[in-house]
Each structure stands twice: as structure tokens, then as C-alpha cells.
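> Here's the letter readout for the chains.
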Amino acid sequence: MAYCFIGAVYISGTGVTQDLRNASVLVHDGDVSAESRNLIYLFRQPYFNRIGTFSGQHEGLTRLDDGASMLLLDIPEDFSQTLRRGARPVAVQMLVDTSNVTMGYLASAYGQRIVDTYAQNLAQQAARRAGLDLRTLPSVENATRVWYNPNLNGHWFNAIGEWLTMMTVLAVLLPATALVRERERGTVEQLLVAPLSSMQIMVSKALAMTLVNVAGTALSVYAVMLPLGVPFAGSPWLFFATTALYVFSIAGLGLAIGAFARSSAEVGMLVILIAVPMTALSGTWTAPEAMPGWTRWGLQISPLYHFIECAYGILLRGAGPGVLWQSILMLSLLGAVAFALAWLQLRRKLS
Amino acid sequence: MNLHRVAVVAGKEWREIARDRVFLALAFALPVMWILVFGYTMTFDVQNVPFVVLDFDHSARSRDFAYRFISSRYFDFRGYLTNEHEADRLLAAAKVRLVITIPQHFERDIASGHTAQIATLIDGTFPSRAQTIQAYADSISRNYSVGVRTERVAGELGVPYERALVLMQPVHLEIRYLYNQALRSIWSVAPSLVMLTLMFVPSLLTALVVVREKENGSIYNIYSSTVTRGEFLLGKMIPSVAISYVDALVLTAIAVYYFGAPFKADLGFYLVGALLYVVCTASIGLLVSTVVRSQNAALMIASIVGIVPAIQFSGMINPIATLEGSAWVQAHLFPAMYFENIVLGSFLKGVSGRYLWINALILGGYTAVLIWVSYYVFRKRQKR
Chain A
0 MAYCFIGAVY
10 ISGTGVTQDL
20 RNASVLVHDG
30 DVSAESRNLI
40 YLFRQPYFNR
50 IGTFSGQHEG
60 LTRLDDGASM
70 LLLDIPEDFS
80 QTLRRGARPV
90 AVQMLVDTSN
100 VTMGYLASAY
110 GQRIVDTYAQ
120 NLAQQAARRA
130 GLDLRTLPSV
140 ENATRVWYNP
150 NLNGHWFNAI
160 GEWLTMMTVL
170 AVLLPATALV
180 RERERGTVEQ
190 LLVAPLSSMQ
200 IMVSKALAMT
210 LVNVAGTALS
220 VYAVMLPLGV
230 PFAGSPWLFF
240 ATTALYVFSI
250 AGLGLAIGAF
260 ARSSAEVGML
270 VILIAVPMTA
280 LSGTWTAPEA
290 MPGWTRWGLQ
300 ISPLYHFIEC
310 AYGILLRGAG
320 PGVLWQSILM
330 LSLLGAVAFA
340 LAWLQLRRKL
350 S
Chain B
0 MNLHRVAVVA
10 GKEWREIARD
20 RVFLALAFAL
30 PVMWILVFGY
40 TMTFDVQNVP
50 FVVLDFDHSA
60 RSRDFAYRFI
70 SSRYFDFRGY
80 LTNEHEADRL
90 LAAAKVRLVI
100 TIPQHFERDI
110 ASGHTAQIAT
120 LIDGTFPSRA
130 QTIQAYADSI
140 SRNYSVGVRT
150 ERVAGELGVP
160 YERALVLMQP
170 VHLEIRYLYN
180 QALRSIWSVA
190 PSLVMLTLMF
200 VPSLLTALVV
210 VREKENGSIY
220 NIYSSTVTRG
230 EFLLGKMIPS
240 VAISYVDALV
250 LTAIAVYYFG
260 APFKADLGFY
270 LVGALLYVVC
280 TASIGLLVST
290 VVRSQNAALM
300 IASIVGIVPA
310 IQFSGMINPI
320 ATLEGSAWVQ
330 AHLFPAMYFE
340 NIVLGSFLKG
350 VSGRYLWINA
360 LILGGYTAVL
370 IWVSYYVFRK
380 RQKR
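Chains as they are written, first to last, in numbering that gives the first Met the number 0: chain A, 0 to 350; chain B, 0 to 383.
Be a bit skeptical, because a hint or two may be false.
Selected chain A positions facing chain B (in silico; Cβ < 7 angstroms) [what the hints assert, rightly or not]:
| hint | residue |
| --- | --- |
| 1 | Val114 |
| 2 | Arg127 |
| 3 | Ala339 |
DMTMM-like cross-link-like pairs, simulated, lysine to aspartate or glutamate; straight-line CA separation at most 20 angstroms [to be verified]:
| hint | chain 1 | residue 1 | chain 2 | residue 2 |
| --- | --- | --- | --- | --- |
| 4 | B | Lys94 | B | Asp44 |
| 5 | B | Lys263 | A | Asp64 |
| 6 | B | Lys213 | B | Asp19 |
| 7 | B | Lys94 | A | Glu288 |
| 8 | A | Lys348 | A | Glu183 |
| 9 | B | Lys94 | B | Asp75 |
| 10 | B | Lys213 | A | Glu183 |
| 11 | A | Lys348 | B | Asp19 |
| 12 | B | Lys379 | B | Glu155 |
| 13 | B | Lys263 | A | Asp65 |
| 14 | B | Lys213 | A | Glu181 |
| 15 | B | Lys11 | B | Glu214 |
If you are wondering where the hints come from, they were derived from the structure by calculation, not from laboratory data. Since the structure is predicted, the reported quantities are computational estimates derived from the model, not experimental observations. Ideal Cβ placement from N, Cα and C applies to all residues, glycine included.
Bound-form chain B, shown alone:
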């Protein structure tokens, strides 16, 4: 390998990228736009859920119960309704996501020591949001139930409310949230978006480098020159990797300074991990570029094939610890998961190389295999 020749190929590649000003600008603007747009729109916070109450009881009790929902910061009260059809219409038009029905005799049932049935109707279009809404609503009505029971027990036994509460709720669960104490979804989403963006920007950049020359026909210059396959591929990759690494630094800065995600771990290890990951995803694009024959196909494959596994199996949607079977296997097949581990470890968990080195090692190995395959597939003469 002749480093001078590598530098010459890289220089030529850089001039080609830099000549197309729009492309060059986009190579930097695209990732930034991507993280900003998704940072704002991909929120998993379930708050301000619009809801209405169908109160058929009109009692002090029913208003008290409804108030538990109205005063919650998770719900956004849109008014009392009088008939069910109105509720159905609002739900169908996605104006509200939750309808709470308080039946007639709600107050009377509670006063006479019966079970009062309330009904919640949830829009299931967004299943995970619906689950969270269901959990909120259940928790509010359970607390209310314990409250009315405790009141009654306190009255019957003639003891203070607190004493009766020990009787009615002898065990409770004390929950401590680790890593993202305030449950602010942007703290988790922003670092994951760094992973997602870097999954695909480097591969998009490199996806075109070889195939462009194939389409132009300028690849024949390479075939007939003294530059070796390895030198050519390496030189081709360097400018894209450099651009992508700058992107990586910018994205990380946006996640930390703009979205306020906490960065808790060793910066040095993170930077090494990011470099490995960028080289790895760039070599995915390089492989695509050596295999296909048209720029269109390269773009399609690089932009579409990489993204689905990155979203699905990186641990971004579902922690790896909850996956099983084929999903678990697929997660381990793609590089996204390993960098997601490094990203979440460095940002939220505050753990460094001691726990994460294995991820960096696998990324490195992955890259080596990809480059080797590209090298093997790329021949200095056209296949017939």
C-alpha cells in the first residue's frame, strides 16, 4: 500500500465532492436538520392527552373523581359532554384520545359500599401511547378506590385516616428512576438520534463514490492506472469519513447543548467509538457502491436498507434486554445496537470503556469484515 497514492485518490475524491456545492452543503446540513426535526417530533412523552368526561351522575363525588384527571399534568381537559354520540364523534375525528364515563349512581354506590364502575374509552391508533394512557387512568382510579375505602374504614373503626391507610395499603412500591430521572424523552431520543443519523449519512455519502465513476465511465482510468484496489477504496472512503466525523461531532454537540441531554462519561472513549461507528457505516455504503451498477440503486439500497434495522433493532424502541428469539439475533447482527449501547452508556448511564469496550471491539471487527468484503468484491475489470 502506497500512502501517497491513497492521498491522491482521496484528494481527487474530495475535489469532486467539493465541486458540487449543493451536495457538500447538504452533507453537513442534512444531519443537523434530521436531528432537529426528529428531536422535536419524536417525543415519547405522553402529556396533555386531550380527554372529555361523560358525567351521568352530576354529583359532588363524580366531579371530585373527574377532577383527579383534570388536575393531572398528563391530561388536557376538553370539557364535559352530555351524550355518548358526541364522544364517539370526537374520538373518531382524533380530537380527543380518552373518554371517561362516570355512570349514574356513582356517588350512591360509593356511599352504600358498593363497587362503582367507571369506564374509560381509549383511542388505540398509537398503541404505545394508548398503553401509557391506560396505565395513567388505571393508576388514578386505583388511588381513588383506595381513598374511598380508607375513608370508610377510618369511619367504621373510628381511627384516623393515616392509620386506616396502613391497614388498606400495607405495602407500596417505591420507584427510583435511574439514568433519566425526570423521564424526559428528549434526553433519551437525542442521543439515539445521533446513532440513527450516523447510521445512514456516512453510508449515503460513500454509496455513490465508486458507482459514480462506473456510471461516468471514468472507472476505466482507475482500472488502467497503477493504483491498487485497496488504495483506491481507502482513498475513496477518506473524504466521506472525514465529513461524517465532523457531522458526528456537530450532532453530539446539538444533543448536549441544544437538547440538553446529559453527557456523563469519558469523552475520549465516546469519540473513539463514534469514529469506529462512522467508519463502519461508511464501509456499508462502500460495499453497496462496489456491488451495484447505478447511482439510483446505490442510493435506494443505502438509504432504505440501513434505516429499518437501525430503528427496529438498535434498542432505540425496545431495550435489547426485552428482546427474544429472532429479534434478539437481528439486533446483534447490525452495527446500530453496539453504537446505541455506547451512546446510551456515555450519555445517560455514565459508564465508560470498562463496560463498553466490547461494543467498540465488535464495531471494529464489523468494519474490518465489511472492508475486506468490498476489497474482495471490487475487481479492476468489469464483469461480463
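Pulled out of the complex, with its shape left as it was, chain A reads as follows:
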């Protein structure tokens, strides 16, 4: 438990992110001139890391093949000469390993930006030589602002995502195993003769698990996320209340699984069968708009999708109940459906 809420969240929050850092570059400088060196020096940290040189296409490709490098930068022999003549533009070639698509794209985009900036500086010199007043040349500048995570800190995102995933798995797994264990041990008969309705049994089990999960969440938030710098923009009360609602409603799902399964092994499989698509179809790790169209209905019936609105909304955007009421309503609704399912299944099994 402690591992899930602290260890796993911490590992994710401090582990790797999908930022481009230190993309390894091998350089072939065919020209060896001041101009080519100036350009090569621009490929530097934090984004790039020049790890050496290669002498020919074949050697370079081999190094890409064995994964020693991610990029090849190839400066042609006539680089400075063509620049000086100015009769035609000169092309610098970059070969990118795109077996990881995001990294490949970002590396090429940053490379493009470096070369564009370099070209712009040359262009300004050329314009001056041509007798143009630089101050009369128009340009468009783009000022970017990023909201909710201004430094695009991937660690925040990973820590929140990991906490959501862990909590979801546990919130389904714990009630399910609790129920199936009673059946395996045979203590379920004791519950049967006890003066309790099946609904009372279920609610008490779900409540206990909700407490455990909310406590775990508090650990995740206060022991890991806040020290990592994740902001807590909204109301803590609202945050823990929606967390409890979410955990309670998917505990119903866990109880349904526990009532259906016959052994702990089956429970494990079923939980993964249900919790994993729920996480995948939620927008925890992938933005909903990037998913194919048919997943939209899947999103609507995934409780996590509605809870994420609350989690990201309260933590990062400081959203209040006015913005979130729809999500809260859907969460309650899905929870009610899950409990009804569990209740039917349990009654069928017990009678």
C-alpha cells in the first residue's frame, strides 16, 4: 500500500519524462570551416548532446541502428563556399531516429529552430551588405504562454497520473479481494446468518476501502506531490470529497467483481481486465481529443474520466463546484450503477 501511494508516485514523479533532453547527436562536418563549426556549436545542451563524429553515411547509419545515437547531423562539403556565393540555399541534413515518435519530432523541431535562427543571423548580415535597413524589415514574433503547468514540468503530470492509476487499481482490487477471500475461507456463511442485508455488507466493505484509499491519497499528495512542486490550486475539502466519492463508486465495481469471481487469481485477472481499460480510456495519459472517435462513449462510462476533470481541475486549475458539478453528478450515477450490479450479483450468489 505504502509503496503504491508513495513509492510508485515518487518514482514516476522523479523518473523520466517525455521532454527532449540530451538527444544524442553524431556530427559529420564535411566542410570544417568557421561557419560549419558555428552551426555545430549551436546543437548543445539542454536539448542536444554531441557525442562524437561520424565519417560517412554508412558508419552513421550503423550507429543509429545499434541505438548509440538518436540523430545524425551532416554538413555538406561545400557549406561555407555556397553560403559565401549566395547563389542558392544550402541544405544541412539531419537524420532522425523516429522509433520514438514524440522524441523524434521534438528533436527535428528544435533542430529546425536552431538552423532557422542561424540562417536568420546570416540573413541579417546579408541584408546589411545589400544596403537594406534592418529596422525597416518586418517580422512576426510569437510569445508563448503556458497555463496550468507553466514550465511544462513532466514530473507533475507523471506523479498525478501514477497516483490516479494506482488508486484506481487499488480501489477496485481491495474490495474485490476482500469479498472473494470471505468466500474462499468460507466466512461468507457467517455474514449470511448475521442480521445484515447484502447492501449493508457491501456498503461497510466499500466504506472501509474508501477510507484506506483516501488516506493513501493524502499521503500521495502531501508526502510526494507537494514536495515535488505540484500546485494545489483549489479547495482541499472539495478535492478529498470528490476523491472519496470516486473511490466509493468504483469500490462498487470491485464488489461486483468479487461477487462474480471464484478465486483470488480470477479477481486479479478481472481487475486488470476492467481497471486497465478504465485508466486507458480516461484521459489520464492521453488527451481525449487524440483518441479515435469511438472511444468517446467509452470515456463517458469511465468513472476515471469524470474524476480526472475534478483531480486536474482542483489541483492545477483551481476549479470549484460550479465548474465540476456535471462530473460529480456522473460519478455518483456510475457509482450507483456499479452498486446495483454488485448487489444483484451478490444476491444471486448468496441465495
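Since chain A is already given, all that's left is putting chain B on it; use the hints.
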């Protein structure tokens, strides 16, 4: 080691698995579902980014600029807005991910040779997507900037546009994408999902094999029988490994035939590598199973401990070549990275044993160590 006794243990184990029909069905259905669900939802393609434009200039220029975004296949235009609060609201509700603001006097500034400032506002909730969106937007506005400059220079010097362009953009970067030319993320994700699924299905299957007998108490039959520790563990593993290997073949087929990921290398080497990996992850589960005392704990440990490193440090999110320090070390500690190398090598890069043999060798060594530790830890009598 008596092979007959191994076969008997394996046969008994197989009957136990096969008797639980739901479990058996899930052992095959789960990996398939896993790769399908993740294949569809874990996309790193950044396309159709919903965006709005706040155009305060209402000029031909500003519309022309906005059109650069509207016509891009990366962006999905959701309309012009008139006030900033509307934009803030859409961004907060995650209805749009990008707001482009074109200020007043945009056209006039460009015509008079000044610098026109446009502003892009990006939702940073998904940091890597936000970075990509930022890169797209930067690239569009840079191109536009070069365009207006070149127009002006061409006019002032009285030369054709192409000539002025050589002056304004003397160097350009020619990019060639290798291995996944179309930048289709599913081609990369599907093979990685084979790696991820096989990280954890075999270990989940074997995680229960020994501990189940401990919980049932039937382990005492084993303790008092003539079967040796090694025979017992080996026999226990064989059915799970067999199921997992069938899973591996099915998953690979789905990646190739259903998701269309190109398979470029030597199939024989890949199959050997997959077998080694499956045995390796199955022995992780076996070790867990010999150490813990309850099925619940075994399930938890096997399903949770294996996955985080597999996602984080396999090279699936970040290429190993970009890792440093402790992340690099951790990547090399887990088996996932070595199989990821084999998978990406075989699928996308089209390189075979010549480059990848070392990965297979390490997987084999890893497996040997795990089995040896399980053998060492597993005693034919209960600890007090």
C-alpha cells in the same frame, strides 16, 4: 533432475489452470484486450489540436496568418472569438488546447516594417503534447515571419521572391526520418505494447503457482514427496511459459497485421528473443511466488512492481540514448529495456542478431539469476 517428474508437476499444474475456465480464458484474452485498448488510446500523434483565434486586427493579413493554422492538419479550428474571457473559459474547460491572439495593428506593423507580436496560449496539462503544440506554432509563425521579410526584401531590391528567399534563408535543415518515416505513433507503440504486455502477463501467471499451494496447504504434499526443488519449480513454470509464449505470438501478430506495424528483421531471432523474455518475466513471478505467503500479496507485487519500471525505463517513453545518471542505471537493471531493444530493432529498424545478440544474452543471464535465486529461496519446509 528427473524429466519425468518435471512433466508430472507440469501436467498437474496445467490441469489446475485448465480447470478454472475463466482464468484460462483470461490468460489469453487479457493480453489481447490490453494491446487493443492501449493501441487505440496510447497515441502520441499530436493532430487535430482544438484551437481558437482571438483576432483583434480583423485585417486581410491577420486572416491570412490565422489561415496558416486553420489549414494545417495538426490543428482543428474551433472558430474566432471576440473576447479573452471566452478563451479563458474554453481553456479551463479543456475544450481547446491552444488560443492564438493576433493583436490590433498586426497588418499595420508588418506594412510599416515593425515587429508584430502574436501570442499563443497553450494548455500545459499534457506537457509533452504542449511541447509539440508549441513547436508546431513556433514553426508556423517563423515561416510566416520569413515570408513577410522576403516579400519586403524582394520589393526593396526589385528581385524575384525566390532570389530574395536565398538571401533571407541561406541555410535550411533537411530532415530525414528513419525507421518510422510517416511518424505514425502506432507503429512505435504497438511493438512497445508487446514488450509491456509480456512484461507482466507471464509474471502474473506464475506469481500464483507456488503461493496457491501454500494457501491451500497442498504444498505439504510437495514437501513430503520425492520431487526435488528444481523439478518442482521448473514443472510449475512450464504451463505458464507455454501460455505466455502463445500470447507473445498472438500479440506480435496483432501488432503486425492489425495495427500494421512493419516487421523488418529476422523472425527467427525475434522468436528466440521473445521466448527468453517470456521465461525471464515468468521467473520474476516465480520468485515473487516463492517469497510471499498470500495470493493477494503475490498479485499485488507482480502486477504493480513490474509495470512502473517497464513503462518508465524501457526506452518506451524516452530513448535510452537520452537518459543519464540514475535513470540510465535503472533502465539497465530491468529486463524490459533489453527486450524493447529487440522489439524496436526487429520491427522498425530492421536490424537482427548482429546488433541485438547482446540483449538476448543479457536476458538469458537475467533469467538464470532469477531462477537460481528462486531455487535458493524455496525450501522444502516452512520457515518458522
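> Output the numbers, in ascending order, of every earlier hint that fails for this structure.
2, 3 and 12
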